[in-house]
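Participant: Since chain A is already given, all that's left is putting chain B on it; use the hints.
Chains as they are written, first to last, in my numbering: chain A, 1 to 361; chain B, 1 to 361.
There's no promise every hint is true.
Pair ranges (Cβ atoms, derived) [stated by the list, open to error]:
#1 B/Ala204 / A/Ser347: 36 to 44 Å
#2 A/Gly321 / B/Glu183: 52 to 60 Å
#3 A/Ile224 / B/Gln84: 52 to 60 Å
#4 B/Phe73 / A/Glu197: 31 to 39 Å
#5 B/Ser299 / A/Glu197: 50 to 58 Å
Below, in silico cross-link-like pairs of lysine to aspartate or glutamate (DMTMM-like), each with a Cα-Cα straight-line distance of 25 Å or less [unchecked claim]:
#6 A/Lys116 / B/Glu83
#7 A/Lys56 / B/Asp53
#8 B/Lys301 / B/Glu337
#9 B/Lys56 / B/Glu83
#10 B/Lys116 / A/Asp53
#11 B/Lys157 / B/Asp222
#12 B/Lys48 / A/Glu322
#13 A/Lys116 / B/Glu317
Quick look at which bits of chain B chain A covers, simulated, 3 or more residues with Cβ under 8 Å [claimed, not checked]:
#14 232–238
#15 244–257
In case anyone wonders, no lab produced these hints; they're calculated from the structure.
Beta carbons: idealized from backbone N, C-alpha and C, even for Gly.
2 protein chains.
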Amino acid sequence: MENLSQSQPMVGGDGEHSYAKNSSYQGGLVDAAKELINEAIIEKLDLKISGFDTSKTFRIADLGCSTGPNTFFAVQNIIEAVEQKFLLTEQQNPLALEFQVFFNDHCDNDFNTLFKSLPQSRRYFSAGVPGSFHGRLFPNSSIHFVHSSYTLHWLSKVPREIVDGISLAWNEGSGQCNRFVKEVFEAYSTQFKNDMESFLNARAQEVVHGGLMGLVIFAIPDGIPFADTPPGVVFGILHSCLVDLAKMGIISEEKVNSFYVPMHNPTPKQLEAFIQKNGNFSLERMEKLSNLKTNVLHSSKCSASMMRAIFEGFIKEHFGGEFLDQIFDHFTTKIEENHSILGEKGSNMIDLFLLLKRIIS
Amino acid sequence: MENLSQSQPMVGGDGEHSYAKNSSYQGGLVDAAKELINEAIIEKLDLKISGFDTSKTFRIADLGCSTGPNTFFAVQNIIEAVEQKFLLTEQQNPLALEFQVFFNDHCDNDFNTLFKSLPQSRRYFSAGVPGSFHGRLFPNSSIHFVHSSYTLHWLSKVPREIVDGISLAWNEGSGQCNRFVKEVFEAYSTQFKNDMESFLNARAQEVVHGGLMGLVIFAIPDGIPFADTPPGVVFGILHSCLVDLAKMGIISEEKVNSFYVPMHNPTPKQLEAFIQKNGNFSLERMEKLSNLKTNVLHSSKCSASMMRAIFEGFIKEHFGGEFLDQIFDHFTTKIEENHSILGEKGSNMIDLFLLLKRIIS
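Chain A on its own, in the form it takes in the complex:
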């Protein structure tokens, strides 16, 4: 029943290189979205929605939760806002409510670490749900609020035509970096569009009519070449680092040329168009977030650590675990050398908050 996907989990556990220890930028986004989610629930959530009206059980799903702790903060925000709304509209003690939270990520996510770090003082029933959010995860009309932060840029797979290398025009051995070629970028863009459609269709079945989705998406501005955006710069650095190591004979050139990361950043306009075309959700709000944790990116060491927590799984799967430290040591040096360029391009990255409401048909 689960969609197989090429995505790799963030680094598990709670060690030095773990996502849990290297995701404070992403945590800043959860903070930045907090007020918007509060407003969304107070203004846009109808507590008469299906399932909640009679059972008084509110079901929340965090999609792409990784190992925490950001997912716990996000969920806590949502619960407090629902309690506040319930108190305001029903004039009843919110302790009458029950919450069930579904923490979702790929089946190779480190759920053991996630479960062990669940807050002791939580007032919700927890469940971990393994599987790709590009497919179905929950029964029909069973979820009241979907949250997903910094996850939708992960594609379900590298576009097939790129892996197969059917177009010789751009299949000339530049691997991950060949996405600077227009055709390649477009193939990624099409894959994103298809994945977004799958995501919205699956959620349309799972979210009760009138239910909400609060999404934080890693976007880039319209009309800016990918190479001039922070993810573009990072992919460039990663690629040149891999090329260096191939030249030193540490990893093979063939491996470098066949290394792809299934990631794509859409633009706000594209997102708006995809949601409208899908037709199951109304776009209630779209807003640029101000992340107070951008200082993480000012430190090249922190940037490199964050990127290791994100990319390590892909590198390990493709190149094997024995070169990890060499690759990331070199990557850290290169990030340090190019840190000013990353800073200059910083404005070409948008952390976008979207509020969607399941259309009542």
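Facilitator: Leaving out everything else, chain B in the frame of chain A:
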């Protein structure tokens, strides 16, 4: 929100000593209970029960699921029986139904292994639920069928009076083995009664009225001294093995004397009385199971491996990981030496199937 518990998980992963590889006896029980669960669903399940009647989503919980594969077989049986019942009574295609399965175990269970081994061809939405089944795990009236096999003999903790050693009469340094003393056995028995009450009270809130529970319980006959039952013999062997190693100076005597396993086997009469006293469930059926996999117990090597998969967590936590192999090598030898005694006492063990129905109040 989670109850803290002293229970240790079965050995995780899929290695030589894992529960996944050493639980064929428990698998035999799932097989043995299959027909009884089928009958229970066909004869006793009312498909007009709350939540299912409108949503057509049937929610199943397997409590104490460990790492599989037995849990997957058990769940598949239940789903097939519900589909058959739906076809019989509604004359509709069972594909109209959706199933959501909650796999529960302690938060230190190896959920990562469980999730990776989920059957590819399953037709249900899966979720892992970390926490002790002696406390609440799910929202009010949200579960239609609870399954739990060979789990309820695990206590939430070693009785406090035993750990504290307040009664000098039996606190004379025989550790785990002092449960052959009447007062100690009674303390375990009282703990079981309290835990069973907590279990039934939690489930009474979670199971919809008219919902079912199919439980397989590791019981002993009424009126037989604990020392004459297979678990009694095994505890005796384990204790004498630990005493031997203490004499050799490998582990400390003090550690041996403070080693307790939170496990207790009730009798059928006791179970009947606890369920009746609790009053939330009717006992629809109680039957001795015939396990076709008892051949596992005929091999002393398999018996020892099964017991290692079960007890390793407790031994490791108490004595540290470095003595594991020594302890279990010696344990295996002792099991071999005493295998005929275990065989003789075999009939003093009851694998009991209970069918409970949530009383419609």
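Participant: Now, for every hint given, state plainly whether the structure supports it.
Facilitator: A quick look at each hint next to the structure:
no., hint, verdict
1, B/Ala204 / A/Ser347: 36 to 44 Å, "58 Å, violated"
2, A/Gly321 / B/Glu183: 52 to 60 Å, "55 Å, holds"
3, A/Ile224 / B/Gln84: 52 to 60 Å, "59 Å, holds"
4, B/Phe73 / A/Glu197: 31 to 39 Å, "36 Å, holds"
5, B/Ser299 / A/Glu197: 50 to 58 Å, "55 Å, holds"
6, A/Lys116 / B/Glu83, "36 Å, violated"
7, A/Lys56 / B/Asp53, "18 Å, holds"
8, B/Lys301 / B/Glu337, "11 Å, holds"
9, B/Lys56 / B/Glu83, "11 Å, holds"
10, B/Lys116 / A/Asp53, "36 Å, violated"
11, B/Lys157 / B/Asp222, "24 Å, holds"
12, B/Lys48 / A/Glu322, "58 Å, violated"
13, A/Lys116 / B/Glu317, "17 Å, holds"
14, 232–238, "violated (count 0)"
15, 244–257, "violated (count 0)"
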